[in-house]
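Participant: First residue of the sequence shown? That's 1 in our numbering, and the numbers climb one at a time after it.
Mixed in with the good hints there might be a few duds.
Restricting the straight-line Cα-Cα distance to at most 30 Å, the calculated cross-link-like pairs of lysine-lysine (DSBU-like) are [stated by the list, open to error]:
#1 Lys96 / Lys77
#2 Lys65 / Lys96
#3 Lys49 / Lys77
#4 Lys42 / Lys31
#5 Lys77 / Lys42
#6 Lys41 / Lys65
#7 Lys96 / Lys119
#8 Lys30 / Lys10
#9 Lys41 / Lys31
#10 Lys42 / Lys65
#11 Lys77 / Lys65
#12 Lys41 / Lys77
#13 Lys65 / Lys48
#14 Lys65 / Lys119
#15 Lys30 / Lys41
#16 Lys48 / Lys77
#17 Lys48 / Lys30
Simulated DEER-style distance windows between Cβ atoms [unchecked claim]:
#18 Thr38 / Leu101: 31 to 39 Å
#19 Lys119 / Lys77: 32 to 40 Å
#20 Gln14 / Lys96: 51 to 59 Å
#21 Asn62 / Asp40: 19 to 27 Å
#22 Ile71 / Arg15: 48 to 56 Å
#23 Arg118 / Asp40: 35 to 43 Å
#24 Lys96 / Gln12: 57 to 65 Å
#25 Arg15 / Lys48: 47 to 55 Å
#26 Gln12 / Asn92: 52 to 60 Å
#27 Leu50 / Lys96: 25 to 33 Å
#28 Val33 / Ser83: 32 to 40 Å
#29 Asn62 / Gln122: 21 to 29 Å
These aren't lab readings, by the way, just hints derived from the structure by calculation.
We put the CB at the ideal spot given by N, CA and C, even for glycine.
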Amino acid sequence: MPVNQAKLQKLQQQREKAQIGGKGTQRRKKKVVHKTATDDKKLQSSLKKLGVNAIQGIEEVNMIKGDGHVIHFPNPKVQASLSANTFAISGNCEEKPLTELLPGIFNQLGSDSLSQLRKLAQNYPTQETSGGG
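Use the sequences and the hints to build the structure in full.
Facilitator: Put into structure tokens, the structure is as follows:
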């Protein structure tokens, strides 16, 4: 069966072009990723297996990192299982420098964090503020 070279070349050129519609074309150009709560559901089911209980009345959670920054959770949802030694903290978080939270965070600092705070204080030059009014 002879093949018409002109028709073959025309078909190959059409194949190279991107078709937008019609029979046999791709439905989507970009895969749409739907945000689902499956990760949250899996996490909650795993926490339920550990027997966690919600802890009420916690206003904020601060996690102090080694580089002088703090992961700050205002109004977090805290769940704990003391038998499994597990704490789950969820909610919106912000990463802030330790100096930004200093007046209210002194009672949460341990001895290692206080030594780190001393190092930060030595690294910062003394700044004098002049009040104008």
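Participant: Do Lys96 and Gln12 keep their Cβ atoms within the hinted range of 57 to 65 Å?
Facilitator: With Cβ atoms ~60 Å apart, the hint holds.
Participant: Next pair to validate is Lys42 with Lys65; report whether the Cα-Cα distance is within 30 Å.
Facilitator: Roughly 27 Å between the alpha carbons, so the hint for Lys42 and Lys65 holds.
Participant: Decide if the proposed pair is consistent with the structure: Lys41 and Lys77, CA atoms, cutoff 30 Å inclusive.
Facilitator: holds, 15 Å
Participant: Hint says 32 to 40 Å; check whether the CB-CB distance for Val33 and Ser83 agrees.
Facilitator: This hint holds: roughly 38 Å between Cβ atoms.
Participant: Measuring from beta carbon to beta carbon, are Ile71 and Arg15 in 48 to 56 Å?
Facilitator: holds, 53 Å
Participant: Mind checking the hinted window 52 to 60 Å against the Cβ distance between Gln12 and Asn92?
Facilitator: About 54 Å separates the Cβ atoms of Gln12 and Asn92, which means 52 to 60 Å holds.
Participant: Is the straight-line distance between the alpha-carbon of Lys96 and that of Lys119 30 Å or less?
Facilitator: Status holds; Cα separation ~18 Å.
Participant: Given the hint that Lys77 pairs with Lys42, test it: the Cα-Cα distance must not exceed 30 Å.
Facilitator: holds, 17 Å
Participant: For the pair we were handed, Lys42 and Lys31, check the Cα-Cα distance against 30 Å.
Facilitator: holds, 24 Å
Participant: For a C-alpha distance cap of 30 Å, please report whether Lys30 and Lys10 respect it.
Facilitator: holds, 28 Å
Participant: Taken at face value, is the distance from the CA of Lys65 to the CA of Lys41 at most 30 Å?
Facilitator: holds, 28 Å
Participant: Lys48 and Lys30 were given as a pair; does the straight-line alpha-carbon distance stay at or below 30 Å?
Facilitator: violated, 37 Å
Hint compliance for this structure: hint 17 is the single one not met.
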